[in-house]
Amino acid sequence: MTTTGQENSEFGESTVVLDGEAMNAAIHRMAQEIVAANDDLASVVLLGILSRGRPLAERLVSEIRNMTGVAPKVGSLSTELYRDDVRSGKRSASLGHMTHFDFDVEGTTVVLVDDVLSTGRTVRAAMDEIIDYGRPRYIRLACLIDRGLRELPIQADYLGWSLVTQPDDHVFVRLKESDGEDIVLLESRPGETAESQE
Amino acid sequence: MTPAENKPSPVWTRKDLTGLEDLSRQEIETILDTAPQFVAVSKRESGIKRVPLLQGRLIVNWFFEPSTRTRTSFEIAAKRLSADSLTINVQASSSKKGETLHDTLDNIEAMHSDVVVIRHNCAGAAHILAQHHDSHIINAGDGAHEHPTQALLDAFTIRDHVRRQREDSNATLDGIRVAIIGDISHSRVARSNVWGLTKLGASVILCGPNTLMPPEVGRMGAETTSNLRDAIAGADVVYALRIQLERQQKCLFPSIREYIRLFRIDNESLKAAPAHALVMHPGPINRDIELAAEVADGPRSVVLEQVSNGVAVRMAIMHLLVNGRAA
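Protein sequences, first through last, are from chains B and E.
Here the first sequence is numbered in this note's numbering, starting from 1 and rising by one per residue.
Here the second sequence is numbered in this note's numbering, starting from 1 and rising by one per residue.
Just chain B, with the same shape it has in the complex:
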């Protein structure tokens, strides 16, 4: 772990969890694990949870292709229509992301890909959504960062990096595709707990 602590006037203490090199190494290792765990790569499809799960899924596919010559299909999952916090009014009802994949999930091994795993509620919504499209043989979970704070019994099968965080901390994953740089930051807000409680 790179620990170049830096002061950020807006957000308080900011720590680099993964720099670009460490992120690439983590993605490479996750791809190796996916290859090792799946003898039949032809039946594996990757579904990136929008927004940052999609570019991560594409990077995993690219790594898997470099290792094996097989490129699993990749698609995008919105999960917005299945979230429990939309129904309970805890989240804005406006919908921004569209699910899109052009393959049948029936009988496949679906690897869900997300940037940050925390409560597990997004993953639950994603599983409900996938099952409405068909019955995969397996659903697996690949996450770049596990920041803990789980509210549901869900774990990652392929994990890039594990972090212990407080509920008020923010974990920022920035990717070249969406944010122009590869970096994972942890921002702690000691003294501001009252404001950031949700």
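Quick caveat, the hints were computed from the structure, so don't treat them as lab data.
Where is the CB? At the ideal position from N, CA and C, for every residue including glycine.
All the given hints hold, so there is nothing to weed out.
Over the 12 Å line for every Cβ pair with chain B, so calculated as not near, a few chain E residues: (1) D106; (2) D174; (3) Q244.
List time: in silico SDA-like cross-link candidates among lysine to any residue, alpha-carbon distance up to 25 Å: (4) B:K73 to E:A40; (5) E:K49 to E:K79; (6) E:K199 to E:V11; (7) E:K49 to B:M127; (8) E:K43 to B:E106; (9) E:K43 to B:S51; (10) E:K15 to B:S88; (11) E:K79 to B:I131.
To be clear about the criterion: a stretch of chain B counts as covered by chain E if any three or more of its residues have a C-beta under 8 Å from a C-beta of chain E, and this derived list gives those stretches: (12) 79-88; (13) 126-139.
Dock chain E against chain B, hints included.
Relative to chain B, chain E alone:
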């Protein structure tokens, strides 16, 4: 998900949808931007055409006027959102026994309805109910006043085509010209479309016999003409309204034959419109009266897309009303 990086998304705060006159452009766009997800739900080929956003909610369709398309569309929209829905058949209901609208709705609400979709022959019926009741009220047509869900699905259909024609997924209706032809004065579809389309930046020209042109439309921001050629020259959309044959005994125009000669949309009259112009109709069509069969079934017609999009737009509206939250 990293909360601080979420784009600030527009928040929906309204309890009801009673008309487009008092919606802002941003509110209308929020509805249109929410609908594509629901188009995709209906198009799922092998998957389950349903999402759980309104699971366990009760939606009551309360129709005082005949309707097949709109009522069916709301029922399908409710089912695709996993809600429970029922339709009150007014012919057989207590309204016939003299019960007031408020009393009937009090009784429906005593059974814990969440959304009430109402079509009524009196302008303002939905608005009055919305002010005095807790249910989310959706106006499915009130007299000759408004039919907001029809105008929203029309705007969605037009925007979808503009975006495809221009290959620009962010294209708006700014500068789009829509000609609406027919019986303007009795048309709630025309009124809601004028409000909606002009707020979205389009220009609207209304065309029909002078006897069917209400004096107030000028104030709504639309041009008017009684010359079909003038109306559709330069129009991106040619929108034919249904001639309400049941109103013909009022003698507002001399004969159906004359109406057909002057205002029917057919291959001949469409020559005045640009090649890319879409043809729309809210249904039900009087074939070969306001719209020739050759056009209704032809390549420019998007009539059935309007119907498909109607389900998605109504899903978006019900989702926003029920699951939207105050700022």
